[in-house]
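Following the hints, position chains B and C against chain A.
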Amino acid sequence: MKQFRVLLAALAVSLPAGFGHADDHSGFNGVWHLAAKQNALVTSTGTAPPLIVAKGTTDDTDRCLPNGIPRLFLRGTPFRITVGSTMVGEFFETDHAFRLIYLDTPHYDAIAPAYLGQAVGKWDGDTLDIDVNQFNEVTWLDNTGLPHSDKLHLTERLSLDRAGKLHDLITIADPTDYKAPWQTELTFTRSAQTTLAEHYCLKEKGLL
Amino acid sequence: MRLIRDCLFGLALLGVGAPALAHHSAAAYDRTRNLTVGGTVKEFKWANPHTWLYVMVPDGKGGSDLWSFEGGSVSVLARNGWRADSIQPGQHIRVICQPNRNGSDGGGFIKVIFDDGSSLHIGVI
Amino acid sequence: MKFFHLALAGSVVLGFPAYAQVSPSTPADVAGVPAQFLPNSKVGPGGFAPKSTPAGYKVNPDPRDFTGSYVNGEGGAPPGGAPPGRGGPPPSGPPPGGSTLPANASAACLPTFGGGAYPVHLISSPGRLTYVEEENHRLRRIYIGGAHPADAQPTFGGDSVGHWDGRTLVIDTIDIEGRDGAHLLERWTRQPDGSIAIVTSNLDAKGKAIGAPTDSTLVWRPDLSFVEDICEDYGEAFGAGYGGGK
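Chains as they are written, first to last, in the working numbering: chain A, 138 to 345; chain B, 2 to 126; chain C, 29 to 274.
Incorrect hints may have been included.
Subject to a maximum C-alpha distance of 16 Å in a straight line, what follows is the list of computed EDC-like cross-link-like pairs (lysine to aspartate or glutamate) [stated by the list, open to error]:
1. Lys192/A / Glu322/A
2. Lys86/C / Asp241/A
3. Lys302/A / Asp263/A
4. Lys340/A / Glu205/C
5. Lys302/A / Glu274/A
6. Lys43/B / Asp66/B
Because the hints were derived from the structure by calculation, they are not lab data.
These figures come from a predicted structure and were not determined experimentally.
The shape of chain A in the complex, shown without the other chains:
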């Protein structure tokens, strides 16, 4: 933690006016990827997710429909976190997707269910608490076909450990598709990439 604060202080010296306060949470900024390749979400207890419906079999991302959350973290591509004063952005190479996590606000009026849901968050010290709802039913939770309904509600706790790894502790609640809420944790390390590549699925799959 001391190293982290020293790093923040060093950043503070080099930043333009307006940034560099110790509580600007800029430690999350940068490009990240999964510490280890992963296709399936694993519960924190080691048991299988308490599914009460069948897994999905047709992968709609093959025809360029969007990946959802947390599946976007499992596609083998990096993502960038950008911390702003009133919102935090997560930008994914896959699908050129992004989600904006609005800070210190309750969920706002839904226009329609979304592939990535609607995320709001607040800082709890150096941990970012994220609350996500208003998902549509189209996506899978992971690459193996774990489904979810539009009742899906995620809470995430995003934090850095002393070694500088990023952890996303995700609680998945979906009374339609799962017997009970369950937890899973994703671990990320910094990517060697400093920029994200542009990917346009329709073009790359020759569907133009």
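Just chains B and C now, with coordinates in the frame of chain A:
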């Protein structure tokens, strides 16, 4: 290798800089007048990148013609109160539009009036 | 009979056949539609004006913090964004399992450079400005204090570097896909009401100005929140579509 079409598409959007006229060709519709068109809904296509409204309009000779109206995109309309099920096939409606400049049956729809007097219109956000 | 003759005469004048239910719109017909969509609108051709910044929101005292939600101001594209389809009805979308998408819809799903009618969300963070446009979930990243990489390739968002000139962010963009050799220079300055005034110049590959600079505004809209726009899905997320999905 870029497709010729993509190049032309990009050039057509060149405009004069960031926001001005970056996308929509204003030339498609006659913006000097609005037309009110009554008929029976064939389909309301709530889809990206544009919504579409297909209406069978009596031709005055006992038959009817298909008019095609193009609208804004889903999120823009949704912010103005429209939903996927706002307009049903078989409903009689009046469509207020900016007619196609080339004279074909249709235009850009800006408002729909239902027989019970209720209505939906586009708006800015 | 007289009505029929009148209608016929009127329709000849208008250039339409004698439709019983086609007529010029009356004021009652267009009630409720914002004036800028009506004939004789004062808003310039192709332009529209969004709602203004609502009252009651506190502007961030740091003039270099652009974080927030905005809408392109007067002079931007009309609502809808993508150009109309090239004649005929739109595609009904590919069947599940994937197949060739009709050309006009997919061309419209390709990202393009420049603003439209959709909200824009900005995040200021150390060394960068991230510009997110809802339409087709389009991104621009502006690297502040850096230089264009020597091996920059054209991308849909272009390669943007910026530096501060007092309270003005000067942004230099090259390598915009589809705009070979074009060089865009923008000056972004936040105004007291939270909106951002932008002056844009087009330069040729040698840095010479092409035409006069243009002014535009990103109107600050703290009342707006991000709404997903997924061009690829033909409206499925909103409850309609071509019957695919789970």
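How the hints compare with the structure:
1. Lys192/A / Glu322/A: 21 Å, violated
2. Lys86/C / Asp241/A: 15 Å, holds
3. Lys302/A / Asp263/A: 13 Å, holds
4. Lys340/A / Glu205/C: 14 Å, holds
5. Lys302/A / Glu274/A: Roughly 31 Å between the alpha carbons, so the hint for Lys302/A and Glu274/A is violated.
6. Lys43/B / Asp66/B: 11 Å, holds
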